[in-house]
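Trainee: Those sequence lines, one after another, are chains Y and Z.
Just so we're aligned, residue 1 is where the first sequence starts under my numbering, counting upward by one.
Just so we're aligned, residue 1001 is where the second sequence starts under my numbering, counting upward by one.
In case anyone wonders, no lab produced these hints; they're calculated from the structure.
Note that the coordinates shown come from a computational prediction; the quantities given were computed from them, not determined experimentally.
Please note that the accuracy of each hint is not assured.
Derived pair list, reagent style PhoX-like, types lysine-lysine, alpha-carbon separation capped at 25 Å [said to hold, decoys possible]:
#: 1; chain 1: Y; residue 1: K107; chain 2: Y; residue 2: K173
#: 2; chain 1: Y; residue 1: K137; chain 2: Z; residue 2: K1142
#: 3; chain 1: Z; residue 1: K1142; chain 2: Y; residue 2: K286
#: 4; chain 1: Y; residue 1: K217; chain 2: Z; residue 2: K1142
#: 5; chain 1: Y; residue 1: K180; chain 2: Y; residue 2: K240
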Amino acid sequence: MTGRRHLLAVAAGLPAAALAHDARAQQRLASLYMFIPAGPGGGWDGLGRAIEQVARQAGLVGSFQFENVGGAGGSVGLPRFVGQRRGRPDALMVAGSIMVGATLTNKTPVGLKDVTPVARMTEEAGVVVVPASSDIKDLKGFLDALKANPGGTSIAGGSAGGTDHITLGLILKALGRSAKEGSYVAFAGGGPAQAAILGAQVKAGISGYSEFAEQIKSGRMRALATTGDQRLDPAIPTLKESGVDVVITNWRGVFAPPGIRPDARDKLVALMTEIHALPAWTEMLKTREWADAFLTGDAFSAFLAQDVTQTEAVLKDIGLA
Amino acid sequence: MMDSIAGLQLGFANALTLGNLGWALLGCFLGTAIGVLPGIGPALTIALLLPITFKVEATGAFILFCGVFYGAMYGGSTTSILLNTPGESGSIITALEGAKMARNGRAGPALATAAIGSFVAGTIGTLGISFLGPVVVNLALKLGPAEYFSLMLLCFVTVSAVLGGSALRGLTSLFFGLLLGLVGIDLQTGQPRMTLGVPELLDGVNVVLVAVALFAVGETLYMAWRHTNAAPQVRQVGSIMMSRQDWRRSIGPWFRGSLLGFPFGVMPAGGTEMPTMLSYYAERKLVKPEHAKEFGTTGAIEGVAGPEAANNAAAAGILVPMLTLGLPTSATAAIMLSAFQSYGINPGPLLFEQQGALVWTLIASLYIANIMLVVLNLPLVGLWARILKIPQPQLYAGILVFATIGTYGISNSVTDLVLLYVIGIIGMFMRRFDFPTAPVVIGMILGPMAEQAMRQALTISEGDWTTFLTRPVSLAILLLALVALVGPRLYGRFAGAR
């Protein structure tokens, strides 16, 4: 009997001890369901788990439950989240610009308009590279080649209709050519695309900066320009400052299910705002080399609408939407 | 060369601690277990183990991951042979002859040749990583989409080895496979094809699911349909050990399979499927005339030894682009790369220079895992083979349960289960009307890969078809495919005329 009472006492003591330990912040949610519409190990999964790590350490959320449903740029997972979590105030889905393009090209009936925007958290600029052996030495050389003969300037990147493909479309439009003229070679995953660029099978490549960062540092790829508003690396110019009016980043954020009450949404926005303000989050952004792109509420909704319009216009030009 | 040996010495010194050996053992054990289940592969397992990277030091974690990776390759063949239920795509070809051997009382030798072949191939592959890695990978980068398309055409020739008696039936099966391979989003345009508005189909139909449905579910349903109450057949477990003849017949295929598999693994778009097909085809053509009739009937040991070795050598090869260039060329490699990142290590071309000690420890642990796996698996052969003593109705019921659970494990989706049984029923009728099922799976694997490679090559060449002929390597592979296709026929006619 004593053994059992002892156990009960320990069991009762545990949460109390945990509370005392995490007394730095007030708990906002007892549990949070985090839906990742991509496989484990990718960018969306990384953001979801980073939020878990920071929020749990600070005691803002009691426990997390994760579900990964990968495939087709999130188009497989999204309908499941919308269908199964409708109206639930304690669920979040990680998504981003890839999903904007994917749902448009895949022509799925369910899109980002069917979920509730909560917060944009991070963004990553893209980079235009050429193989080290290429005779294209700088951005000007690349733009001249692209302008003169877009069909002959093959460019490797991720799946068709994704951020990399849209970047190429925007560059072509800025050069006064049609986005359709581009010679875009889509590869499944970063590995095969990098291999094609390293082996000089294609003339150039476009992808997220972190994908190519190590190849650039080792001198196997030459970076011509990044696609953000500001320089990522002091030595690499941006497209914008070089006179090509293109700013595009791969952003990631969190969304709530459709049909939740306004106060439930405000609560989730407050939670993300609190997480964003923690020093642990700043630290996390630094170690993961993510750029802070925090934006919530109506400002985020407005940004999203604009992103969808821009993406749709480019995809229509390429002939994919 | 000397650098490699010094590196290996350092690696073994680091890996041979009690704690690290423990991680290796745990990894091998876990890997074998998940390799046995269809659906759950090494990529998913390593993803689930990722949180340990917060607690365990890098060396231990990577030794564990490598154990899982190699272990899954060993385990995948076991169910292929015993239950005709491949655990992962690299062991689909093993099921062709392996399951037939098991049905004819030769499960023991089939399992043993797979285990020892995996050991031989794993060792050759790991030696390849240690000494040839950087050289081979730079050659592999010279291959572009045009060359990959030609390689896939070469692989299509191998279909002729599994077509069976009727070319019409065999080709019908092949086209069914090509059709299944088209389902899903087209990579080059992002457009959905034949998805019938079902979101789960956007990602395509899983090839392991189709193999399990046709080989295991179809077969089981067929048995249930045709079951009579006549006296049950008693299955022979037969000898567990490989006979002297089995050894003699296995050694050639082990080495040929390993040498074929490793370079395919190193190629950024190679993978384990193509070399297993080519190895099967080669062994079928090279087999001594007195054993040729065993292929497709009672099961030929060469057809297990070769593909299984090719599978394991290719798996080892996959680690080369990851370690030398930081290129993730398979799902497993991609997850291992993200594990590197959670230790703040950025894998790339500089990995060997910056993290030499870690990389060499990892390579040393591959040797250790390989030895551990053969020691772990050989004694189990007798135990596994005994599964076949279960009376047929219960055994087949068990296979059905096992296939269903494994398939659900692929993505926790009911759609997959519906697909499993719909394709299983198709498989039952194919069996009834003598349509071979292997061409379906081959078509499904090669079709989409060949299509993407062809369109990538044509985009790069601006629609110029001669790109396949003007690139020397591509042309050489195409000529080889032509020889493989018409050579035997010409030779047959020539021999017949004399």
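Trainee: Next step is simple, just say for each hint if it's right about the structure.
Mentor: Hints, verified against the model:
For a cut-off of 25 Å, the pair hint linking K107/Y to K173/Y stands: about 24 Å separates their Cα positions. For the suggested pair K137/Y and K1142/Z, the alpha carbons sit about 22 Å apart, so the restraint of at most 25 Å is met. Distance hint between K1142/Z and K286/Y is unfulfilled; the C-alpha atoms sit about 37 Å from each other, more than 25 Å. Distance restraint check for K217/Y and K1142/Z: the Cα-Cα separation of roughly 22 Å lies within the 25 Å cut-off, and the hinted pair is therefore satisfied.
Taking the CA atoms of K180/Y and K240/Y, the gap is about 22 Å. The hint holds against a cut of 25 Å.
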